[in-house]
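Protein chains: 2
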Amino acid sequence: MIRVVLIGAGNIAFHLAKAFRDTKEVDLIQRYSRDNKNDKYFDRNIPKTNNINSLYKADIYIIAINDDAISTFSKQLSFEEGLVLHTSGSKPLNSLKCSANKGVFYPLQTFSKEIELNYNKIPICIETEYSNDMDLLRSLASSISNNVHEIDSDQREKLHIAAVFANNFSNHMFKLANDICIENNFSFDILKPLIFETVKKLNDLSPYEAQTGPAQRNDIEVIKKQLQQLDNNKKEIYNLVTNSIKKTYNS
Amino acid sequence: MIRVVLIGAGNIAFHLAKAFRDTKEVDLIQRYSRDNKNDKYFDRNIPKTNNINSLYKADIYIIAINDDAISTFSKQLSFEEGLVLHTSGSKPLNSLKCSANKGVFYPLQTFSKEIELNYNKIPICIETEYSNDMDLLRSLASSISNNVHEIDSDQREKLHIAAVFANNFSNHMFKLANDICIENNFSFDILKPLIFETVKKLNDLSPYEAQTGPAQRNDIEVIKKQLQQLDNNKKEIYNLVTNSIKKTYNS
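If you read the sequences in order, they're chains V and Z. The first sequence lines up with residues 413 to 663 when you count with the numbering used here. The second sequence lines up with residues 413 to 663 when you count with the numbering used here.
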């Protein structure tokens, strides 16, 4: 059994606690959170502390807190044994400032507490400071996922940027579409079959091949007319994304 | 049986021909295309003409051609009986210039020939010039879909703009993410679980609620660092979409 202490009480910590509960390989022996804000979401049987000096001795400590707090928090970890991990896509391994060995456990997924996830398909990107620790970290990741990748800090940083476009920015396009629905009194539901098909296509086509629409066809009349009907924020985004699609297909 | 003549040989015409083949209510008696470019995709049993003066007498004529060609093409239809439809989201009903009664049959979906579709969930937006024709048009739409909506030209135009954001622009975000994968030698496959989850969330959350990421958290350090690593085109889009997300959550 891999003995794990989990630090943090946000969306990632919540989902990791859930995922580890269902494994035989991992024993989540303690969790730490500085306050009790999200305690209700966690299994009460997991011992909880808010005192950083009362952490149990474990094989692995997972720091699942805000990216910007990782360095400051990890500086306070004075023990030398065990493997300390962070879960951030954008922070390098050396943002950890503890004396113990370091590693990264980055689950490439969007986490919301309300949403159930099938953990075994989530890509988990792992990295260790010392190759000796790789077996242990790989065992931890494999206990919840069949999709484990060894990726260094530079590559992970690029991957995180790709994820920002793939998830955050595409979701914002759905948000703007939703706004147009609200402004014109129709339900966002009417767009859902289209949205589901948009990503289902990616099973068979690359996004390059899957592209359709006025910008891809360089349909200047439609583009001009649609631009006239948008507020400034949407107009700017429409213009820039349309030009980027036009450059892709018509140059 | 509703007797239908189908005009055009692009993606929409291809999928409509397939969808009608499986209905009992519709008899696709003829199709028209000016050339034989896509003939191989269509059922050979459907009589085909490339002579606009040889169209069979039908209950409904569906013009599924490029948006910009609808007016010019429809001017050439000299008959007065039957209902003439176009399938465009962005063109008003009166872009049809024929003497016969007019209507619109707009399937709100992204169509590629390579991709199989489940037609009965596709929203079909219908409109007629004369209310007398609505029953016939509704029967046609209901023969392939359970998701039929009566929507006028103004509303359809707005809906089409929403669809451009929801489909075309989100797909372009996937394309840019794919580019980053290619530039850094990792497979786009690693992003697919994230992308599928991005839209699966919309079953339970609004896009507003589903948003995560550096812009939503206003994580200025990460945003700054990611911007530095992008080429000009991606940088402009990153900047604009990030600011739009920031305005949504942090104002």
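Source of the hints: derived by calculation from the structure; they are not laboratory data. Hints are not guaranteed to be accurate.
You can't tell identical chains apart in this list, so a pair holds if it fits in one copy or across any two.
Under the rule of at most 30 Å between Cα atoms (straight-line distance), these lysine-lysine pairs were calculated in the DSS-like manner [claimed, not checked]:
no. : residue 1 : residue 2
1   : 647       : 659
2   : 612       : 570
3   : 646       : 533
4   : 460       : 646
5   : 612       : 533
6   : 647       : 612
7   : 647       : 460
8   : 449       : 659
9   : 430       : 659
10  : 646       : 436
11  : 509       : 604
12  : 637       : 533
13  : 525       : 449
14  : 637       : 436
15  : 430       : 612
16  : 460       : 509
17  : 659       : 646
18  : 604       : 449
19  : 637       : 525
20  : 647       : 570
21  : 570       : 436
22  : 436       : 612
23  : 430       : 460
24  : 452       : 646
Each hint tested on the structure:
no. : hint      : result
1   : 647 x 659 : both (18 Å within a copy, 15 Å between copies)
2   : 612 x 570 : both (25 Å within a copy, 24 Å between copies)
3   : 646 x 533 : between (35 Å within a copy, 29 Å between copies)
4   : 460 x 646 : neither (46 Å within a copy, 43 Å between copies)
5   : 612 x 533 : both (16 Å within a copy, 14 Å between copies)
6   : 647 x 612 : both (28 Å within a copy, 27 Å between copies)
7   : 647 x 460 : neither (49 Å within a copy, 43 Å between copies)
8   : 449 x 659 : between (48 Å within a copy, 26 Å between copies)
9   : 430 x 659 : neither (45 Å within a copy, 33 Å between copies)
10  : 646 x 436 : neither (49 Å within a copy, 44 Å between copies)
11  : 509 x 604 : neither (45 Å within a copy, 33 Å between copies)
12  : 637 x 533 : between (43 Å within a copy, 29 Å between copies)
13  : 525 x 449 : within (14 Å within a copy, 51 Å between copies)
14  : 637 x 436 : neither (59 Å within a copy, 39 Å between copies)
15  : 430 x 612 : both (28 Å within a copy, 20 Å between copies)
16  : 460 x 509 : within (23 Å within a copy, 73 Å between copies)
17  : 659 x 646 : both (20 Å within a copy, 12 Å between copies)
18  : 604 x 449 : neither (34 Å within a copy, 33 Å between copies)
19  : 637 x 525 : between (41 Å within a copy, 28 Å between copies)
20  : 647 x 570 : both (29 Å within a copy, 14 Å between copies)
21  : 570 x 436 : neither (33 Å within a copy, 53 Å between copies)
22  : 436 x 612 : between (34 Å within a copy, 28 Å between copies)
23  : 430 x 460 : within (15 Å within a copy, 60 Å between copies)
24  : 452 x 646 : neither (39 Å within a copy, 41 Å between copies)
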